[in-house]
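Asker: Sequence:
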Amino acid sequence: MRHFPLARNSTRNLLYKMSGSNRRVYSHREEFLQIVPRESVGVELGVFKGEFSKQILEIVRPRELHLIDVWWTQFGEYYPNWGEYTDYGRLKTSDAYANAMMIIEKYSAKTNVTVHVGDDLKYLATLPDSYLDWSYLDSSHEYEHTKLELEILLDKTKSGGLITGDDWQEDTNHIHYGVSQAVKEFCKTYNWEVVLLDNHRQWAIQQCR
175 MRHFPLARNS TRNLLYKMSG SNRRVYSHRE EFLQIVPRES VGVELGVFKG EFSKQILEIV
235 RPRELHLIDV WWTQFGEYYP NWGEYTDYGR LKTSDAYANA MMIIEKYSAK TNVTVHVGDD
295 LKYLATLPDS YLDWSYLDSS HEYEHTKLEL EILLDKTKSG GLITGDDWQE DTNHIHYGVS
355 QAVKEFCKTY NWEVVLLDNH RQWAIQQCR
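Residue numbers (the working numbering): 175 to 383.
Read the hints as simulated data drawn from the structure, not as lab findings. Don't take each hint at face value.
List of simulated lysine to aspartate or glutamate pairs, EDC-like, C-alpha gap at most 16 Å [stated by the list, open to error]:
hint, residue 1, residue 2
1, Lys362, Glu325
2, Lys228, Asp261
3, Lys358, Glu318
4, Lys358, Glu344
5, Lys284, Glu232
Produce the entire structure from the sequences given, and follow the hints as far as they go.
Answerer: Dropping the structure here:
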């Protein structure tokens with residue numbers, strides 16, 4: 175598996191300055207997927223209504239895609255009130271799941287898609303080591319859970335593969351700060367590096383050469 179080269183660009187709009195690293199800025203969230211290898215094997219942790227899954231299927235065209243979300247197993251019949259995102263607590267978890275399944279069905283003839291409802295840590299542990307070309311983390315956004323996801327993905331990711339995700343926050347008071355905290359600690363411990371941060375708070379890391 176090759177080390178993915180990322181073009182240099184301005185530090186404008188970047189959330190985290192990386193000395194000597196590759197940089198790229200994207201104006202649209204889906205453009206981030208340009209760094210993900212085509213016809214690859216990947217996993218998305220945190221599917222919700224499947225809207226970003228659709229972008230993955232259209233842009234990446236993976237050979238094999240694993241989609242994991244807790245849906246009703248954690249939240250019950252309705253999502254919490256997260257504002258407009260969950261229709262102020264009126265969005266049913268089953269409706270989010272159904273929407274995701276409707277999207278996935280359109281691409282099922284071209285991509286081998288496996289959907290898992292439940293704990294992503296348990297499902298990731300069942301995958302063979304060095305199996306994934308990439309992963310995209312958009313699940314709990316909690317420090318401890320993100321840390322555990324990363325540690326499992328360390329073994330499940332191929333050499334040169336990417337671990338990517340959403341909601342990078344540098345503000346220590348932000349509810350999602352645990353994501354960047356866990357990622358930076360992981361990189362320091364296991365000799366990985368942040369290779370991309372964009373203006374939609376998406377991030378990508380890769381093992382140092």
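Asker: Is Lys284 close enough to Glu232, meaning Cα to Cα at most 16 Å?
Answerer: The hint holds at about 10 Å.
Asker: Quickly compare the C-alpha distance for Lys358 and Glu318 to 16 Å and report which way the hint goes.
Answerer: Roughly 13 Å separates the two Cα atoms, so the pair holds.
Asker: Quickly compare the C-alpha distance for Lys358 and Glu344 to 16 Å and report which way the hint goes.
Answerer: holds, 11 Å
Asker: Could you grab the alpha-carbon distance between Lys228 and Asp261 and see if it respects the 16 Å cut-off?
Answerer: Not OK: Lys228 and Asp261 at ~21 Å, beyond 16 Å, violated.
Asker: Check the hint pairing Lys362 with Glu325 against an upper bound of 16 Å on the C-alpha distance.
Answerer: Given that 16 Å is the threshold and the Cα spacing comes to 13 Å, the pair holds.
Comparing the model with each numbered hint stated earlier shows that hint 2 is the single one that does not hold.
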